[in-house]
Amino acid sequence: MACCNEHSRSELLRRGLAEAGRGLPSIEPGMPLPAGTGLDRRSFVARGLGLALAVYGGAALRPQVFDEGIAAAAAAAPQDKVLVSVFLDGGADALSLLAPTADPLYRQLRPRLALPPGAGLAFAEDPALTWHPSLAPLVQLHGEGKVSVMPGIGYDHPNQSHFTSRHFWEVGAADERLSTGWLGRYLDRVGKPDNPLQGLSLDWSLQPSLATARMPVAAVDAPDRYDFWARGVWGEVSERMVNAIGRLGAIPTHGDPGLETASDSALQSVRLYEQLTPFRPKDDRKTLVSPVPYPPGDDAFPRRLAGLAAMLAAGLPIRVVALSAPGGYDTHDNQAQGLAEDLELTAASLLAFQRDLEARGLADRVLVHVWTEFGRRAKENGSGGTDHGAAGTGFLIGSRVAGKMIGEFPGLAKLDEDGNLRATADFRGLYGAILEDWLGTDADAIIPGARKFGRPKILR
Amino acid sequence: MTTPRYTGPFRTAEAERLLWRAGFGPRRGQAASLARLGLEGAVHSLTHPPGERWVGPRPHDDKGHPLAPADAYGHDHLWWLDRMVRTSRPLVERMTLVWHDWFATSNAGVGSQKLMLAQNRLLRRHALGGFDKLLVAITANPAMLIWLSGTDNRKDAPNENYGRELMELFTLGEGNGYTEHDVREQARALTGWTSTWKRGKGQTDFRFDPSRHDPGTKTVFGKHGTFSWRDSVSLCLHHPKHAPFFVDKLWSYFVATPLDATTRAGLVEIYQRDFEVRPVLEAILRHPALYTGPRMVKPPVVYIAGLLRGLNRGVDTSAWVWLSEGAGQRLFYPPNVAGWDDARWLDTNTFRGRWSIANTALERVSLGDRKGKKGPKVPNDPEAIVKGALAVLGNPTIRPETRRELVTFARSSLKDASGWKAEAYPPLVANAVRQLLAASPDLQTC
Amino acid sequence: MLSFVQVVEKEFTLTPSRPSVRAGSVSLELVNFGMDTHDLVVKSASEGSKPVRFKQLDPRGRTERTLRLAPGRYLLWCSLSNHKARGMRATLIVTK
Chain A
29 MACCNEHSRS ELLRRGLAEA GRGLPSIEPG MPLPAGTGLD RRSFVARGLG LALAVYGGAA
89 LRPQVFDEGI AAAAAAAPQD KVLVSVFLDG GADALSLLAP TADPLYRQLR PRLALPPGAG
149 LAFAEDPALT WHPSLAPLVQ LHGEGKVSVM PGIGYDHPNQ SHFTSRHFWE VGAADERLST
209 GWLGRYLDRV GKPDNPLQGL SLDWSLQPSL ATARMPVAAV DAPDRYDFWA RGVWGEVSER
269 MVNAIGRLGA IPTHGDPGLE TASDSALQSV RLYEQLTPFR PKDDRKTLVS PVPYPPGDDA
329 FPRRLAGLAA MLAAGLPIRV VALSAPGGYD THDNQAQGLA EDLELTAASL LAFQRDLEAR
389 GLADRVLVHV WTEFGRRAKE NGSGGTDHGA AGTGFLIGSR VAGKMIGEFP GLAKLDEDGN
449 LRATADFRGL YGAILEDWLG TDADAIIPGA RKFGRPKILR
Chain B
7 MTTPRYTGPF RTAEAERLLW RAGFGPRRGQ AASLARLGLE GAVHSLTHPP GERWVGPRPH
67 DDKGHPLAPA DAYGHDHLWW LDRMVRTSRP LVERMTLVWH DWFATSNAGV GSQKLMLAQN
127 RLLRRHALGG FDKLLVAITA NPAMLIWLSG TDNRKDAPNE NYGRELMELF TLGEGNGYTE
187 HDVREQARAL TGWTSTWKRG KGQTDFRFDP SRHDPGTKTV FGKHGTFSWR DSVSLCLHHP
247 KHAPFFVDKL WSYFVATPLD ATTRAGLVEI YQRDFEVRPV LEAILRHPAL YTGPRMVKPP
307 VVYIAGLLRG LNRGVDTSAW VWLSEGAGQR LFYPPNVAGW DDARWLDTNT FRGRWSIANT
367 ALERVSLGDR KGKKGPKVPN DPEAIVKGAL AVLGNPTIRP ETRRELVTFA RSSLKDASGW
427 KAEAYPPLVA NAVRQLLAAS PDLQTC
Chain C
2 MLSFVQVVEK EFTLTPSRPS VRAGSVSLEL VNFGMDTHDL VVKSASEGSK PVRFKQLDPR
62 GRTERTLRLA PGRYLLWCSL SNHKARGMRA TLIVTK
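Residue numbers (this note's numbering), protein chains in the order written: chain A, 29 to 488; chain B, 7 to 452; chain C, 2 to 97.
The hints are simulated quantities; they were obtained by calculation from the structure and are not laboratory data. All values derive from a computational prediction rather than experimental measurement. Glycine included, C-beta positions come from ideal geometry on N, C-alpha and C. It cannot be assumed that every hint is accurate.
Derived contacts from chain A toward chain C, CB cut-off under 8 angstroms, selection only [unchecked claim]:
hint: 1; residue: Ser-266
hint: 2; residue: Asp-358
hint: 3; residue: His-360
hint: 4; residue: Asp-361
Partial pick of chain C residues on the chain B-facing surface, computed with a CB cut under 10 angstroms [to be verified]:
hint: 5; residue: Val-9
hint: 6; residue: Ser-18
hint: 7; residue: Arg-69
hint: 8; residue: Ser-82
hint: 9; residue: Asn-83
Extracted from the complex, chain A is given alone in its bound form (with noise of 0.2 angstroms):
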């Protein structure tokens, strides 16, 4: 199938990039270019000089600018609102996260993946729906009116497309020729040119949505783990070591664009290495130490959430973050076991953060956005699992929303041409009330055409 070798080509391209630590996702012939890969395929003389980055765009100051800019910042608004971003990758199935099992057609249409009768809880606001089973973390922060649902999220004339769809998404429009974010450009708008924590990807590559066309952002796998170590070396010449990468970067440059890249990334890394020592074990100390328990385990999404809220907690100056949910969602075989561990680890650590938050009186400062590139088909397919579909589930957490569904569930009456569910909201209204009611900015000013689409109520 097609589609399928386009998610495994490009995954496997951006991934084996994401994975090497990498500027930016991959793409294929064809395929719209991820905002941030923003490269002037043009001007190819760029490119023995690399560009100085810690930080994605981050011009051309020098790197202790960087260092007073974050504690300017810091300082200056310790209470500024904080979104999290968090991607289920592959299009995850909309009918299984909230499943309409009060409806015939349901099990008609999923005969081998229909939940099971009495499996699952039921849905607060419409006993007709029922939670997926994994998704028990999230029904106790609904219960507290803290989960706002989109049960039916996209956009018209959908894309089947996981690079265009996805795209779409991070860009805030339908437009595949767009380059920067929609979180990059409200950081182009509003953020400061020294401070690169205020967008940050915790992943091994930076999150397209946080692509910006002037400001710095930062990318980072996982706090706890940024260190330098050299074989043979330890103690206190092993700390004089580090800070001394930092002076040899301070070296003047005079000018020579390639020793400036090579100088600001050892200076960027040794500031990012300075900020992180709170998150870096000592000694004994094996992991970050969080008021709460995360699932535990090897996966670096909850150890990802548990050092963003520690980050947080020490006033670190971040803004937007971006990163992507365990597991796949690209469910076209063996769609319910797989689904069912996946959703089960991204609820559990969204729980635990949430929790985290609360115990450290963050709670009030910090809004997640779970979205994905699309939904699923409402028939499921010959090999117990579903392919692309239109519409998605969406969810708003935090202690600020206002714990309602946003748009109605689509039913599977009206299924549109494709057999998909229709969307019964935009991404890019509620992008708009995010920038407006959360982030307090003008929409108009990031989402094209902001105004054309319905902006739901989003906070209590």
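Following the hints, put chains B and C in place on chain A, whose structure we already have.
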């Protein structure tokens, strides 16, 4: 018309830069001996290399097994890295890397290390030869046919992938002298390539099948004809925008500053004689901008191969695969069809990747007691320690400020080392100096 | 002496990197270049031999096992769902 020629001193430092730009850095003593040939002699020796002679120990993986580049994941990368380390024809090998980036094909899409290796051999065969011949060969190359859907392009169902990239990336530049109409017509001209799928063997028997080819008249760049795939290639080569595009792109692999109009005109003239790459390279490698211009960040595999060459060490661990990936370059897996071109080599994650590379390169020679055996004595002497670090890495040329900073680091680390520290610290400090040197901005660039 | 064979799996193909290999220690590596989960079963064509199962791999996954293979014909296939019927099978000849 001749292109500008560097006339300044051609000493070890200049020869060193030439070896980094046109190869993978010097072996010990190689920069000095190349300098003795003078600029012309040096450039000539690189562009007219002798037959290949491998210098250094044969490669193996962590368990000592010889490499199986077609049959084991990562061995493909190690096999090529080894060539970069042991080659006596560095410019040939470096141009192979250039073509790998230029015609960026990823095994993620091909799924066969064997086919990728065959493409690699093709690129090497044409390393310094005619670009016209290379372009014809790559168009028919099985890995490329899979990667850019050449075998999916049929007269009843045209696929524009290769036709587009042929112009956009390989010969003209995005939107530079062609239209969407040309893309469609080129796709028609390129129809006919096919292969046979054999279960358990993959795609085999790549060939041109006239019955799948669209025989009609096509209009490309305003010209009419019953063009076939060779014509497709030829039309691109003879397009007036091709030669300037070609020299610009080739130049940018070797020189950091933009091509000036005079030099461009000179290079275009050389190139247009017969599409031979060697004379264009010679003009680039003797150009003042290469010697007097700013530095360039070394691509990750060049950095790694250069460290190994300077350390006199062979490829003896599979760690290089993921370490290179961590710095942003996994051979045979370029991130997209535009290659690593314009890639951002250095950010906080990849800097750390390079730090890890330096650590792995140096760990075999790390000083201090090991498993109960006493290591060589390290003098409690900052200057000697720095001198020793430079020697271990093949005596690279570094800035005086860098040297001063390293000495300062060594001095202040040793200053208060009394009692048990007096004995323990010197090897720690020496290891740290080596690591700092290997990861310094000086050694990240050339 | 160790020989290497890489088996590349995609939807719905299974392709060994070489058609034959010398008997003895063989490092058999499975790489999943597809977007589905796959596995690998290796069984000698001779009567009564036991199949060797490789663990299931998610897309981009890799796994390796070193096997001692006697000369003969070996069948390789993916045991999940209907993958074998859809084409994920191949033969590997082990020579003396």
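The hints, checked one at a time:
1. Ser-266: violated (34 angstroms)
2. Asp-358: Hint on Asp-358/A: holds, closest Cβ of chain C at ~6 angstroms, below 8 angstroms.
3. His-360: The hint holds - His-360/A has a Cβ within 8 angstroms of chain C, the shortest such distance being about 7 angstroms.
4. Asp-361: holds (5 angstroms)
5. Val-9: Where the cut-off is 10 angstroms and the nearest Cβ of chain B is about 5 angstroms from Val-9/C, the hint holds.
6. Ser-18: holds (4 angstroms)
7. Arg-69: violated (16 angstroms)
8. Ser-82: violated (18 angstroms)
9. Asn-83: The hint is violated - Asn-83/C has no Cβ within 10 angstroms of chain B, the shortest such distance being about 15 angstroms.
Against the hints set out earlier in the document, violations occur for numbers 1, 7, 8 and 9.
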